[in-house]
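Using the sequences provided together with the hints, build the complete structure.
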Amino acid sequence: MSAEERKVAIVACAGMDKALGSVARACAFKVVQDLKPKESVLVCIPPLIIGVNSHSEWINKYPVVTIDGCAERCATKIVAEKRGKIRGRVFIPNGVKKHGLKPETSAEIGPEGEELAEKIADETALLIDKILRK
Amino acid sequence: MTIVKDKVGIVSCSGEDLPEGTISRIATRIVLEKLRPDDTVTICLPLFLAGSQDERAFARAFPTIAVDGCSKKCAEVGTQKYSGRPVATIVVSEIMKRHPHLKAKSRDNLGDEEKELVSIIAEEIAKKVDEVLGIKKKSGASN
Amino acid sequence: MKNEDSYQLKVLKWTFQVPKDLLYNENDCWAKIEGHRARVGITDFLQSMATDIIFVEFKDVGTEIEQLDEVASFESTKTVLDLISPVSGVIVEVNEKLSERPELVNQDPYGEGWFAVLKLKDFESDRENLLDAQKYFEVLKRKVELEKEKLGKQR
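Protein sequence lines, in the order shown, are assigned to chains A, B and C. Numbering of the first sequence is given in my numbering, commencing with residue 1 and proceeding in unit increments. Numbering of the second sequence is given in my numbering, commencing with residue 1 and proceeding in unit increments. Numbering of the third sequence is given in my numbering, commencing with residue 1 and proceeding in unit increments.
Derived by calculation from the structure, the hints in this document are not laboratory data. Some hints could be false.
A few chain C residues that face chain B, going by a derived Cβ cut-off under 7 Å, partial list only [what the hints assert, rightly or not]:
1) Leu12
2) Thr15
3) Lys32
Ideal Cβ placement from N, Cα and C applies to all residues, glycine included.
Shown next, in the form of C-alpha cells:
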C-alpha cells in the first residue's frame, strides 16, 4: 500500500444535542489536524448521507474509525449501513468514565471538555497506528 | 382549522469540513439556549440521518429552519429527504459575504472574528424563527 | 415496545414510554413484581432527563432497604441521581452489566437497564404508596409540562 493509501477515515457523530457530541467532533479535529494529518481523513456524516462522492469513497477505500458521543452510536450505525470498513470504535462516554472529565455544554465544551477531547484523541492516534500496522 | 405551531425545529449541519460549519453549530445552540429558548428545539442531524423516528416525526409536524455552513446544504437536503422541506434555509457562507471584513479561519478554535460571525448568524436565525412563528400565528388567529 | 403494552407521551421530539405492567413511584422509578421479589429501575423520563449515564453504583447485596431509600446512584455527564426504591425489602441481586455498560439504562430502561432485584418485605403496605401505569402517566404529564422548556437544553 502506498503512503497515500495508508490512511484511516475518521467518522465522528458530531451530535448537536449533547456536549459529548461536541467532544466527539473536537476529538476528530485534533486527530485529523494535529496528530495524524497524513494518516487520516475526516468524513462528515451529512455529506456522506446526501451523497457527496469523496466522503462515500473514503469510507470504502480506507479503514474507518468511528467516534460516537452517546449510546445512539450514529457514526457507527451510518458507516455500517454504508458498508464502510469499521476497524475501530471510540465511545466518548467511556472516555468520560476513564478520565473523570466532563464537558460543559454543546456550544462550549470548556477546559475539561477540551482536555477530554485531547486525551481521547491521543488514544485514537494510537488506535490508528495499530490499524495501519496490520 | 389551522394548527398553530409554537415551536420551530432548527437543523444545523455538522460542519466538519469548514469553519462555517462550526459557526452554524454554535449559532444554533445560542438561539436554542439564549435567544429563543421558548420557541425552538434543535434537531440533531446525525441522529436524524441515522434514522431516529422521533427527530423525523418532529420535523414533519413542526416547521423547521435549516442552518447550513456552505452551499452543499446538507441540513436542508437531509431534512427534505426524510421529513419534508424546511420552511427556511440560512446559509452561513452567504451571510458571511455581506461581512467581508470578518474572516473565519479555524474549524475548532474560534477567534474574535469568528465569534462576531457567530453572533451575527445567531441573530439572523432568531429573526427567521420570529418570522416563521409570526406567519403561523397570524394564520391561526385569522381562523 | 408495542403501543398496546405501554402509554406513550409525545412531547415535541421526545416520546416517553410508560409500560402498563409496572408500578411506579413519584420519583420516576419502577418496580416489576415477580412473585415475592421486585425488579427495580428508573423510568424512560428519568433516564432522558439524566442524559448519558456513565457510572452506576449499587448498595451491596444483602442490604435492607425501606421504601424510599436509595438502592443505587447513577451519574451522568450532567448530574448524580439516586434510584429511590419503590418497595421495601432486601437486595438479592444487582445488574452487574451496568458497571461495564451503563448506557443500557438509557437504551433500555425497562429491560436490560434494570438496576436491582429485592426480596419483598411488606408489599401490601408498600402498594398503597405506588402508582399504577395510568396514574403515573398523569403524574408524568404534569412533570413534563413543568420541565418542557428544559428538554434539549444544556445537554
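Now for the hints, and whether the structure bears them out:
Because the smallest distance between the Cβ of leucine 12 of chain C and any Cβ of chain B comes to about 5 Å, under 7 Å, the interface hint for this residue holds. Annotation: threonine 15 of chain C was flagged as interfacial toward chain B, and the flag holds, the nearest CB pair being 6 Å apart, inside 7 Å. A least Cβ separation of about 25 Å between lysine 32 of chain C and chain B goes past the 7 Å threshold, and the interface hint is therefore violated.
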